Amino acid sequence: MVMVVVSRRWFQSPWEFRESALFTAVAVAGGFFVQYVASGQGIPRLHLPVNAIVLSLFAALILSIGVLFRNNSIVKWFGGIPLGLSLIVAIAALSLIGGIVPQGEVAAGSVSALFGVNQIFSSWPFALAILLFLANLGLSLSWRLVPFKMQNIQFVLFHAGFWIALSCGIFGAPDLQRLVMKVDEGQQSNLGYMESDTPQQLPFSVFLHDFTLEEYPPQLFLYDPQNNRPLQERTKATTLVRKGVKASWKGVDVEVLDFLPFALPTQNGVPEPADRTAGVPFARVRITSADATSSEAWLSTGSPNMEPYAAQLGGLLLVMMPGTPKAFRSEVTVRDDNGQQTTATLEVNHPINVMGWKLYQMGYDNEVGRWSKYSVIEVVRDPWLPAVYLGFYMIMAGNLLFFWNGIKKREVAS
Amino acid sequence: MIVDFKTAAITAIACWATGSLLSLFARRTSGLKLPALLFSFSGSLVMVLFIGFYWYLLDRPPLRTLGETRLWYAALIPLVGFLVEYRWKIVWLKYYCMVLAGFFLVINLIHPEVFDKTLMPALQSPWFIPHVVVYLVGYVLLAASSVTALHNVSLQLRSKENLNGEAVSHYLALLGFVLLTFGLIFGALWAKEAWGHYWTWDPKETWAFLSWLAYLGYLHAFRYKIDRSKLQWYLALSFLVLLVCWFGVNYLPSAQNSVHTYTQS
Ligand code: HEM
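Those sequence lines, one after another, are chains H and A. Just so you know, my numbering puts 113 at position 113 of the first sequence, and the rest follows in order with no gaps. Just add 414 to wherever you are in the second sequence, counting from 1, and you've got my numbering.
In case anyone wonders, no lab produced these hints; they're calculated from the structure. Each hint should be verified, as a subset may be incorrect.
[Claimed, not checked] Short derived list, chain H residues pointing at chain A, Cβ under 7 Å: (1) 99; (2) 102; (3) 348; (4) 360; (5) 378.
Values in this document were obtained by computation on a predicted structure and should not be read as measured data. For each residue, glycine too, the CB sits at the ideal point set by N, CA and C.
Using the sequences and the hints, build the whole thing.
Structure (structure tokens):
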């Protein structure tokens, strides 16, 4: 077993953990200082092509310093594991702040805002730590890349993959565009919104043919009209309604005798099956109370233009709530400025690609659920995505190699 | 349908139990090795066949509900245990994996209604299974690594000889790190499809990143000339970070606007 040499004076060559920790601490403190002094002024947001040029120069600089000065003791230290570990600890500590303190807007002038603690991941100390980390990782890479040996392939895949994903993710962040569109059924729009800003003209328009929402089966709830809220505790095991289902709450048994997922009431109040777009769920239930008296009733979730049907149960109401959304989709036609058009269905987890933009089904009118007359669509453009994904794929390739042959060769109980 | 599941689950559990017993005995009687292997494998085979059958019956892949995902865990987790044994001769992990798989099936047996459980649209994705399974197995390995490390620490404190222990905790941490890395990247690729961006520093993501950093730190410290016996402490404690990530995130102040808290169940 090898012990760390401790009888070494500060800054005596070769530098190790103490110097690395001190350097890192000074860098992070400096970052917080800059954040404080520049209060409100974020890090400059460079867009394409400037950020790509700056990043390429940075990469070239690091690689050439690594290759040209590989025997310089300071450079060696700068690309070594002790500094790497200190920076990992620093990044972890800053992320820990971001993992505990709620991130987002706070009152200007509060301590949190002054030091960027509420936006730690776009703060100066974080950016500085990441930049140093990239330099450190880049130097260690340069030594494995030049001269290249096949046995270093795993190291290179991991470290270069991470370098590429991290650097492109960070440098490319200002080029990420995420806008939200609201499109009414039968209408088209080419306006995208960012939070509260004025709308931005998009290079394409979206026409919404139809928005549809599928629900899970409705659920039975006991509702307390006095306090105006469902008695969640008492009906904990929410029952998805289907024919034959039974539920019981303190002394009351409910059995679903009949279930019509899509129905409309007729003249005499008795529901009849109806088509999917107009109909609402109806259920016939038998309610048996503790004294064995039983009654039957129709329940319905209702809709924006139909009152729900509920049943009296002592002072409480037995109600049927619409099921949670199971799937929702928008039938759209996207036209670009050259008149090209694509018709597609947008659904959660199934975005579509149009001219370098990705379109996502995001939301709808929550008040009315499946009766929504509009669809909310998120449009995203991220020109740096392929680079970041290249990094991901390299890391995964390294992972696969590692999983298969990493351990056997070198580390047997060393 | 549920009846068929009962049969499949009980058969699988019986196979794993028999396989485990036989392989315990196989330490003395090496002739039992093959039957032990066959029985252990059959448990997973039964589950794989059941999933195939269920898939056919539903006319959609059974990936939609939490109960259904547990079928996949049950089929796959023991296979990881077998692979680890085959590759690195770590024998005891497979028992742990088979017990965990059995545990999943028992949950489904006790709560047949989980098969109806609703699943929000964002979770209905082919990424759901690989992302979750990889993380789950990763956590299993890292938990095992921490337990081993803790064991090593206690042996050190009593100045007992323990050469192999440090190698085992290290292997497991390494393997767990590989799976955490996959989990993190799968999560990012999925987030891109579901939420529009691969990384948003959501609290859950932040904590997953933190746990990954903890083990990244360990690996590099291990590479460097740091006393390996001291690193056992580090490994034993790293698991605490994982626990926060796993269960604790929901209770932190930062979780108020997380997309990963599915409290609806
Ligand atoms: C702080 C910057 C980093 C530095 C200076 C650094 C440096 C090193 C060095 C010198 C080794 C030893 C390689 C060997 O002996 O073959 C190593 C191994 C390793 N590093 Fe890093 N690394 C850094 C960041 C990372 C990152 C971000 C990852 C994850 C993507 C990573 C993953 C690994 C893995 C998995 C190994 C073991 C590789 C193997 O055994 O082939 N490292 N690193």
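So, going through the hints one by one against the coordinates:
Among the interface hints, the one on residue 99 (chain H) holds; its C-beta lies about 4 Å from the nearest C-beta in chain A, closer than the 7 Å criterion. Here the hint on residue 102 (chain H) is kept, as its CB sits about 5 Å from the closest CB of chain A, short of 7 Å. A hinted interface residue such as residue 348 (chain H) counts as satisfied when its beta carbon comes closer than 7 Å to some beta carbon of chain A; here the least separation is about 4 Å, so the hint holds. Given the 7 Å rule on beta carbons, the hint for residue 360 (chain H) holds: about 5 Å separates it from the nearest Cβ of chain A.
Interface restraint check: residue 378 (chain H) against chain A, minimum CB-CB distance 5 Å, threshold 7 Å, status holds.
Comparing the model with each numbered hint stated earlier shows that all of them hold.
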